Amino acid sequence: DAGITQSPRHKVTETGTPVTLRCHQTENHRYMYWYRQDPGHGLRLIHYSYGVKDTDKGEVSDGYSVSRSKTEDFLLTLESATSSQTSVYFCAISGQAEETQYFGPGTRLLVL
Amino acid sequence: KNQVEQSPQSLIILEGKNCTLQCNYTVSPFSNLRWYKQDTGRGPVSLTIMTFSENTKSNGRYTATLDADTKQSSLHITASQLSDSASYICVVSALGGSYIPTFGRGTSLIVHP
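Going line by line, the protein sequences match chains A and B.
Numbered per the working numbering, the first sequence spans residues 1 to 112.
Numbered per the working numbering, the second sequence spans residues 1 to 113.
With the rest of the complex left out, here is chain B (with noise of 0.2 Å):
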């Protein structure tokens, strides 16, 4: 079966600090691994996409990792700010036009001041 879990369930940090969330995931054959950033209230946003070939993705202050081989996956956020407060979740799709992504139950974070 396939699976994503997430960790850690839940995050608290003080601006300006990094963070990293981890992902771990068993969907094969794998496609793309995706994270989406979830604001209180609002329906999930994507943030990031990766590929099989790709190691290292970047989007403004979000780093995404992926490492296929131990099928791993870290979202890096630098310098945090009180708008990245949300539930980060990651999502992994299988090779093959009929498979239907599976999501991680996300990792909530609260940046305090």
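For reference, chain A alone in the conformation it holds in the complex (with noise of 0.2 Å):
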């Protein structure tokens, strides 16, 4: 398995409490992405980085922000986290964003 973690793996909050999701690669892989997957609708791009402090919007990317400060962590954080929110977050890591991509383990975040 590439070297991919995600932590927390198991999160529930409550309504309008901050949230910060974290991704850590060891593959040194330049980009790095941030997908929620909710039934029904498969994967989709929340943000994604080209490199530190190198990032991009996403197709859902309301109510997220990210951040890059290291290669090897991709931070993504909820401000105010909403029931909409909840859902099951992976991270994924590619050396371009033409090649394969290696996904974490996923977070399943509950927001009550």
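Rather than coming from a laboratory, the hints here were simulated on the basis of the structure.
A quick note: this is a predicted structure, and the numbers were derived from the prediction, not measured.
Yeah, the Cβ is synthetic: ideal placement off N, Cα and C, and Gly gets one too.
Label pairs and their computed distance ranges (CB to CB): (1) B:P29 to A:P8: 38 to 44 Å; (2) B:T51 to A:G63: 32 to 38 Å; (3) A:K53 to B:T51: 30 to 36 Å; (4) B:R42 to A:T86: 16 to 22 Å; (5) A:E79 to B:G41: 24 to 30 Å; (6) B:E5 to A:Q96: 21 to 27 Å.
Below, simulated SDA-like cross-link-like pairs (lysine to any residue); rule was C-alpha separation at most 25 Å, straight line: (7) B:K57 to B:V45; (8) B:K1 to A:Y50; (9) B:K71 to A:T100; (10) A:K57 to B:T102; (11) A:K53 to B:I100; (12) B:K57 to A:Q96; (13) A:K57 to B:I100; (14) A:K57 to B:F30; (15) A:K57 to B:A94; (16) B:K1 to A:L45.
Assembly of the complex is requested from the two constituent chains, each provided in isolation within its own frame, with the hints serving as guidance.
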């Protein structure tokens, strides 16, 4: 398995609280991605990064922010969690945009 | 807008039978197409990758085909096993280093004993 971990793996939080999910890689890959996966929607891109401090929005970026201060870490923050953000969040990495993406194990987030 | 459409949305087959999953795309200019397998509760894992010049590629009991002219791909699973029960996701990349791949919604396959 590619060296990619996510933390926490499970989280329950309340509406209005801030939440930060962490993705850590040991592969030195340039690209890192955050997806959410919901029934009937498949994987949807939230944000991605193409280098340290270089990030861009995906198709469902509203309510989320990201940061990448080191090559190995990509953080996803929900500034004020809402119930609609209950989902499974996957981090992925790739060397270049058109190369194979390697996915982390996922984080299950429940917002009450 | 780049799009990837997969069919069927879900499929149930008996163990030992064959099946074929379809993927149509509008991504342009085309770079490559991947099929991923996602087991329940886990992240997707790449099965095959196909570039413009490739028509067929096999990975064990999985065979992917690509018709770049009609912008269609299929994933054929031979002699299905219970472990093939998963979601299969088609992902298409465009030429140009900065284009992020487009994901299909996936086909959910259930193999019954």
